[in-house]
Each structure stands twice: as C-alpha cells, then as structure tokens.
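A.B. asks: If you read the protein sequences in the order shown, they are chains A and B.
Each residue of the first sequence is one higher than the one before, starting from 1 at the first, in the working numbering.
Each residue of the second sequence is one higher than the one before, starting from 1 at the first, in the working numbering.
Take these hints with a grain of salt, some might be off.
Pairs involving identical chains hold if they fit within one copy or between any two copies, as the list cannot separate such chains.
What the hints assert, rightly or not - In silico lysine-lysine, BS3-like type, Cα no more than 25 Å apart, as pairs: (1) K360 x K105; (2) K152 x K49; (3) K113 x K360; (4) K197 x K152; (5) K283 x K297; (6) K283 x K80; (7) K297 x K105; (8) K152 x K80; (9) K49 x K80.
Just so you know, the hints here were simulated from the structure itself, not pulled from any lab data.
2 protein chains.
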Amino acid sequence: MAATLTGVASTQEKLLRARAASVRLALLSTEEKNALLRAIADAIEANEKSILAANREDVDNSGLEGAMRDRLLLTSSRVKEMAGGVRDVASLPDPIGETLAEWTKSNGLRIRKVRVPLGVVGIIYESRPNVTVDTAVLALKTGNAIVLRGGKEAAQSNQRLVEIMKGEIMSAVPGVPDGAVELLDSSNRQSVNELIKARGLVDVIIPRGGAGLITFVTENSSVPVIETGAGNCHIFVDESADFEMADRIVINAKTQRPSVCNAAEKLLVHERIAAEYIPRIVKKLIDAGVEVRGDGKARTLAAGFHVGPAVEQDWYEEYLRLCMAVAVVANVDEAITHINRYSTKHSDSIVTRDEASARKFLRGVDSAAVYWNASTRFTDGAEFGFGAEMGISTQKLHCRGPFALAELTSSKYEIIGTGQVR
Amino acid sequence: MAATLTGVASTQEKLLRARAASVRLALLSTEEKNALLRAIADAIEANEKSILAANREDVDNSGLEGAMRDRLLLTSSRVKEMAGGVRDVASLPDPIGETLAEWTKSNGLRIRKVRVPLGVVGIIYESRPNVTVDTAVLALKTGNAIVLRGGKEAAQSNQRLVEIMKGEIMSAVPGVPDGAVELLDSSNRQSVNELIKARGLVDVIIPRGGAGLITFVTENSSVPVIETGAGNCHIFVDESADFEMADRIVINAKTQRPSVCNAAEKLLVHERIAAEYIPRIVKKLIDAGVEVRGDGKARTLAAGFHVGPAVEQDWYEEYLRLCMAVAVVANVDEAITHINRYSTKHSDSIVTRDEASARKFLRGVDSAAVYWNASTRFTDGAEFGFGAEMGISTQKLHCRGPFALAELTSSKYEIIGTGQVR
Numbered sequence: 001m002a003a004t005l006t007g008v009a010s011t012q013e014k015l016l017r018a019r020a021a022s023v024r025l026a027l028l029s030t031e032e033k034n035a036l037l038r039a040i041a042d043a044i045e046a047n048e049k050s051i052l053a054a055n056r057e058d059v060d061n062s063g064l065e066g067a068m069r070d071r072l073l074l075t076s077s078r079v080k081e082m083a084g085g086v087r088d089v090a091s092l093p094d095p096i097g098e099t100l101a102e103w104t105k106s107n108g109l110r111i112r113k114v115r116v117p118l119g120v121v122g123i124i125y126e127s128r129p130n131v132t133v134d135t136a137v138l139a140l141k142t143g144n145a146i147v148l149r150g151g152k153e154a155a156q157s158n159q160r161l162v163e164i165m166k167g168e169i170m171s172a173v174p175g176v177p178d179g180a181v182e183l184l185d186s187s188n189r190q191s192v193n194e195l196i197k198a199r200g201l202v203d204v205i206i207p208r209g210g211a212g213l214i215t216f217v218t219e220n221s222s223v224p225v226i227e228t229g230a231g232n233c234h235i236f237v238d239e240s241a242d243f244e245m246a247d248r249i250v251i252n253a254k255t256q257r258p259s260v261c262n263a264a265e266k267l268l269v270h271e272r273i274a275a276e277y278i279p280r281i282v283k284k285l286i287d288a289g290v291e292v293r294g295d296g297k298a299r300t301l302a303a304g305f306h307v308g309p310a311v312e313q314d315w316y317e318e319y320l321r322l323c324m325a326v327a328v329v330a331n332v333d334e335a336i337t338h339i340n341r342y343s344t345k346h347s348d349s350i351v352t353r354d355e356a357s358a359r360k361f362l363r364g365v366d367s368a369a370v371y372w373n374a375s376t377r378f379t380d381g382a383e384f385g386f387g388a389e390m391g392i393s394t395q396k397l398h399c400r401g402p403f404a405l406a407e408l409t410s411s412k413y414e415i416i417g418t419g420q421v422r
Numbered sequence: 001m002a003a004t005l006t007g008v009a010s011t012q013e014k015l016l017r018a019r020a021a022s023v024r025l026a027l028l029s030t031e032e033k034n035a036l037l038r039a040i041a042d043a044i045e046a047n048e049k050s051i052l053a054a055n056r057e058d059v060d061n062s063g064l065e066g067a068m069r070d071r072l073l074l075t076s077s078r079v080k081e082m083a084g085g086v087r088d089v090a091s092l093p094d095p096i097g098e099t100l101a102e103w104t105k106s107n108g109l110r111i112r113k114v115r116v117p118l119g120v121v122g123i124i125y126e127s128r129p130n131v132t133v134d135t136a137v138l139a140l141k142t143g144n145a146i147v148l149r150g151g152k153e154a155a156q157s158n159q160r161l162v163e164i165m166k167g168e169i170m171s172a173v174p175g176v177p178d179g180a181v182e183l184l185d186s187s188n189r190q191s192v193n194e195l196i197k198a199r200g201l202v203d204v205i206i207p208r209g210g211a212g213l214i215t216f217v218t219e220n221s222s223v224p225v226i227e228t229g230a231g232n233c234h235i236f237v238d239e240s241a242d243f244e245m246a247d248r249i250v251i252n253a254k255t256q257r258p259s260v261c262n263a264a265e266k267l268l269v270h271e272r273i274a275a276e277y278i279p280r281i282v283k284k285l286i287d288a289g290v291e292v293r294g295d296g297k298a299r300t301l302a303a304g305f306h307v308g309p310a311v312e313q314d315w316y317e318e319y320l321r322l323c324m325a326v327a328v329v330a331n332v333d334e335a336i337t338h339i340n341r342y343s344t345k346h347s348d349s350i351v352t353r354d355e356a357s358a359r360k361f362l363r364g365v366d367s368a369a370v371y372w373n374a375s376t377r378f379t380d381g382a383e384f385g386f387g388a389e390m391g392i393s394t395q396k397l398h399c400r401g402p403f404a405l406a407e408l409t410s411s412k413y414e415i416i417g418t419g420q421v422r
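Bound-form chain A, shown alone (with noise of 0.2 Å):
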C-alpha cells in the first residue's frame, strides 16, 4: 500500500506531502519522537527477511562487484546494526526546545532564542542502503521531515526501508502524516533537478556522493544547501616530527580505508628533514602497496624507488585510492600556504614535537578538523562521539565538519511583552 504510494505520486506532490507533515512533526514531544524510533528499530528487525530479499535484487541487478557491491549490500548483521543504530538516536538528548540564549530588555521585552527544526531536509546519495534510515531517524529526532533522493543501484532496498518506516510513522504516533518520510524516483535526474528548485517547500539539501553530484548541486540549487564530502587531506611532517609516529599517522591515513573522504592523500615533508625522511617513508608506502608521486625534490630524495612526477593537477586531486603525492616544503608557513590554495578544506594533520609549529598549523589551516599527531581518518561523527552523523560539512556557512542533530535545526527568537511598542 506505502508501496503504491511512494511510487505513483509526482515529486511536487511528495514535496508538499513533506513540507504538511513538518508542520506536525515540529510539534512532537520528545517521547512521542523517541518511542516512534523505537518502533521504527523493532520493524527493521521484524522485516529482516523483506529488507535482504529487496537488497538481493538491487544487487543482482546492479553488476556491481568488489567495494562497489561491498557498499550496496546488506546483511543480517548490518541490518541488526541499523536497528541498533536507530535505538542509538533514540537514546541522545532531543535539541528541539532547548533555550540557546534568553534576556530581558531594559523596556521589560523578555526574548528567548530556541532551538527549533529545520523543517524540511532533503538528501541526495549514492548506493548504500543503511544511509535511507540513518538520516531518516536523524531528521525525525530533531522533528524534521526528509525527503531522499537515494541512488539507483539501491533502488529496492530504500523502497523497502522507507515502506517500514512510513508504516511505523502511521501506526506508533497518532496523527503524523507519512510525508514524514518520501522517497523519490532515482530512475533518472528529474527528481534531482525538481528537489534543488524546491525553494520554500525544503528548507535545505545535503549531498552526499561524489564530486560531481556535489558540485551539481551546489552550483544550481536554489535551496541552500550544506556541502559535504570530498577530502584532499594533508600531512605534514615537520622538522621535529618522531620518524615512527610519522610513519605510523602518515600509513594509517593513507591505507586504512582509501576510498573515504577523510583518507589522506597529499603528504608534505619539511625540507631539513626530507633528504632522511622521503626514502623511508616511501619505501613504507609502496611496501603497503600505494602508488607513490612527487614534485622534483621528493623525486630526487627517493632516486632509489619508483615515484612518478606530480603534476598540478595531483596537488588538487583527492585518489580515493592507494596514491599519494610527496612535496618539500621549506616549513611550516609554506605548509600552510600549500594546504589552504590546494585542500578541500576537510581534514589536515601536522606531525610535529614542536608547539609553536604546532599553533600555527592548527590556527592557520583553513580547514574543518585540523590535527597535531594524530591520523585524519578521526574526523567523523561516531568518532568524535556524535553518536550518528548526517554527513561532514566542508562548508563554513551553517556548520562546519562532522554534522549530526544539532545542525539539523535552526533557531526562533520568542519575545514576550506587556504591550511595548516603538
């Protein structure tokens, strides 16, 4: 029957199907919100054999293979994971209400600044399946409606998903429309194109996917929207740097997980110690299988290894693989300079025993999660203890970093008076 629903109404009628829910939902107490994810966890569990039986299909008709299938499917566990990531949300502390400054004037206005919902976000990803009910549970938490716009390959899998969720949104809270939660058709780009224009009726869109998704949508969205993703992530080692801590920050930030945005991928070394450091930390490299470029310096240092040139084209690029490119920098000024004119302002570490080296680098880079002695990999919402995360803003409007409940609301000032005028 939801079934049915989602798939014949237009994405106009779903928008507006969305925005009337938000007008109830931003009116829900905190109990009715948490028992509501609650129900929504029991169901993922109770349905397990329908949400795999869909996710086979997505599978088996995508073709996809190796890390591409990996991201797509789901198992048993991951479902049980979901769940448990939804009673997760369920047990944070609700933001909708919270008084975030209140003052009374000398003419007796009493003005309280509250936390309120955003209303209306709408989301655009790619392929994997537990993102439908991860940011679902996150925009119900703070008394948001979601509108996601999921990808193709995952296609039966969020029909799937979003069918539990909106049966649990009917049936666990009296009166909550099911445009609490609409799916768009991922068949082709024409939801995409109507969902960015729906200024007035989405209050914000987030993309989440590759750079070409991203930069679409930033460059013709007229509904503001918070830029996540792409990370050309840095590591400079500094003159004092400890060799083994550099090399053990500098493997793990590049081979732990390379398709990921927070991976590193440029490593910059100080010029006092690169005739040292190079030739050792390159052989670490390729013995870790990762493809190795450098400018002319880093070429010269490492004339024993197989290091191809870095052209300027490397300096911007984030891999999302086994690669990095290898620069000498005369110190940490030129480090800084280097990072802020080529990084996405994501994620940037300095290795270093120096402090003042240190200060500079954490105040002068210009990115969202700058780090002194530790990996990049750390910027992201479980890891910095957000519980959950809606994705990580590389954008300085609105928010800025790994970003969970608290950026999905927004503010009102209520002022209460005994008649005053001007």
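Once you have looked at the hints, place chain B on chain A.
C.D. replies: Okay, now just chain B, sitting in the frame of chain A:
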C-alpha cells in the same frame, strides 16, 4: 591613489585581493582589530567634509526626493553617528577564538571546537551609505574581508568611505592588505553576477534590499546566501485581547515606520470579538492615514468605513506603505495556519490575555521572531541589544532573525593527539 586602485581593478582581481587579505585578517589579535576600528572612526570624523561633498554629488545626481532622498543623504550628524557606531563595534567582545565546545575522547584525542572567521563576506545592498561602513566594520571585527556592492545612487559616497577605510587598513595595522575591504563597480549588474558565482573565493553572500534583488541572488548564487529582509508581518488579535493594548500595537506596528521590513502588513481578528474590534481598529487605522483592505467578513463588519476588497495576492504582499489587510479567523489555530501559509517568516505577534493561546502561537508560528503582546517593530539588531546588525535573516540555515558579529563566524575543530591512528 586608493581611488585609482578601486576603479581600475576587475571584479575578479578585487575578489582575489579580498581572499588574500582574509588570510592575514584571520590572524589579527583582538587589540589589532579594535585599534583598526578606532582608527577608522577617527578618520571618518576627520574626513567629514570630503564625505559630505561626495554625498552631495550622489544626491544631486540621483534626482531622488522625499524618503528615497533621505535614505541616501548624509549630514554632519549622520557622519558622527557613523563614527560612533564604529566605536561601538570596537567595544563589543570579539567572538573569534572562542571555544564553543571541548572534550577528550577515550583514546586520548582532545577535540576543541573554536570560532573562526568565515573568510570573505560579500554584501549586495541599495542606497544607504552607512551600510558601507556598518557592515565593513562588523566584518573586520570578526577577521573577515568584505566585498561591497552598493547601489549606484551612492557610488561617490561609498567610494569615499571605502578609500578612507582602506587608508586606515594600510596604515593602522602593519601587514594587512587593503583588499580587506573591496568596493565593486555599481554602474551595472555585471559585478553582481560575478560576485554570486565566485564560489571558492567568497564564503557567503548577503543580499539586502528589495524582494527582486533578494530573489535574484538566492536563485542564481552558487555561493551560500543568507537571505534577508522581506517582511509580511502579522498581528493576531485574539478573543481575550486587551483592546487598548491591541490598538497601540496595531497602530505602532503599521504606522511608526511603514517602509521597513518589521512593520505589520496584516491584521487577523478572532471571530468572537470581530464585530466589536474590527470597526474600532478600522476607524483608528483610517484616522492614521492607512488604506484598509479586508476579507468579506471584515468588510461587512466595517461597513461604515471605506474598506476595499483584499484579493488572494494581498495576503502575500509586503506593502511597505500605509496599507493594511484585515481578515477574520475562527481561532488561534486558523491564525497560525494563515500566517504559516502567507507570511515571509519574519515577525508576527499575538495580542491575548490567554497564556495557552499565546504559547500555541509562539510555538506554532514558523517565523524568525514571534511576539506575545508587543509590536513587531522590535525585530532589529539594535533593539535586541546586538549593538549593530548585518541584516535580518528570514532563512533557517546558519542564522535566523537579526544577525551581527557571531553570525559572521564559522567554526573549526582543532584535534590534539599523541600519535593516535584508527
């Protein structure tokens, strides 16, 4: 000299200069920024004669009269006020560097969320020359560079004011490039088009002005926007309202300054008191020179007065003049639904003695500022006690309502480890 620089450079060159300046501005100490602001205030006072001469040219060239001429006009006392405003901003606390949150993870990573400048702020505005100085000093105080695109009527005034600010930027603080404040060509729309497409060079665009400008910018900008201004504000007079208070609030909100965004445009009256209250308030409005329009019920109840018909478009319109449309509603729920349907989400007020109605209205009306027993005219940075204002945001992302220093900032995460890897 500065005049030549300002005049000759292309928009692109100015944006690159602003970007470069922003790097240096972000590193200034509070003392350096305050010294710069005080030097600007002194220079504005010392150059009063040339500012007034430039403004005289603008006023003479504009051919404007009445309120429009007054908006453009500078006088000796307005120049002094402008300088005083700059000193006020110098005396406000500096939000940059503030620790917004700080915690240590179980793996020993220390995470600190710290307030940082946005980078480069672009503002597109119309005729008032004081906006040039007000917004530039808010940006400088928060370590941002600013790119100004004022109205062509104020071209000479803005040019002179920017020259004065640039002179102090270059002399008062060693090493800050004059690109910290850039003025774009206002003779045609080209500079607006370039500014709103400068994603990567500009971090936020703030359009301040008429609905046409704001719509153009929000629909065409690829740079994140803070939408400001349009105000279709409502007063709802509830069943239990104190009529004298309601009169005072309605007349004040409508007539005290009808051309501004926080003036009331619409009056909703509870049907149980409509027969008594509508004729009473319509008479007072007409006596105050207000053109009154009404729905069918309101016109019938005010049959003894000249009340024109309000058509569908009236409920959406921001009149910005002495005109008000009146409607009868069944109860507070219908008032909320009406407002959420037609308002621009700016400022709306309920007049009532009933706390339950008031609480429902405060929670249910989806606007930046919602009032109980006070005039909508208080939605203003100075009235809220912010010392100054950049504008009034009517969107939900990043900030909502009057905004000033804190909203010209972003945040970053500084993470300190001891070699942690994942």
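A.B. asks: Could you place K113 and K360 in one of the four classes (within, between, both, neither) given a Cα distance threshold of 25 Å?
C.D. replies: For K113 and K360, only the inter-copy Cα distance (16 Å) is at most 25 Å; the intra-copy one is 35 Å.
A.B. asks: Quick one: K360 to K105, C-alpha cut-off 25 Å, is that within a copy, between copies, both, or neither?
C.D. replies: Result: close only across copies, 23 Å inter versus 41 Å intra.
A.B. asks: How do K283 and K80 come out at 25 Å by Cα distance, when the copy is not named: within, between, both, or neither?
C.D. replies: neither (42 Å within a copy, 67 Å between copies)
A.B. asks: Indicate which option fits the pair K283, K297 if close means a Cα-Cα distance not exceeding 25 Å: within, between, both or neither.
C.D. replies: within (16 Å within a copy, 85 Å between copies)
A.B. asks: What label fits K152 with K49 when the C-alpha limit is 25 Å: within, between, both, or neither?
C.D. replies: within (21 Å within a copy, 67 Å between copies)
A.B. asks: Check K152 against K80 for me: Cα-Cα at most 25 Å, and say if that holds within a copy, between copies, both or neither.
C.D. replies: For K152 and K80, the Cα distance is within 25 Å only inside one copy (23 Å; across copies 62 Å).
A.B. asks: Classify it for me, K197 with K152: is the Cα-Cα distance of at most 25 Å met within a copy, between copies, both or neither?
C.D. replies: For K197 and K152, the Cα distance is within 25 Å only inside one copy (21 Å; across copies 31 Å).
A.B. asks: If the cutoff is 25 Å on CA atoms, where do K49 and K80 land: within, between, both or neither? Let me know, please.
C.D. replies: Result: close within a single copy only, 12 Å intra versus 75 Å inter.
A.B. asks: Check K297 against K105 for me: Cα-Cα at most 25 Å, and say if that holds within a copy, between copies, both or neither.
C.D. replies: Neither. Shortest intra-copy (63 Å) and inter-copy (38 Å) distances fail the 25 Å Cα cut-off.
Comparing the model with each numbered hint stated earlier shows that hints 6, 7 do not hold.
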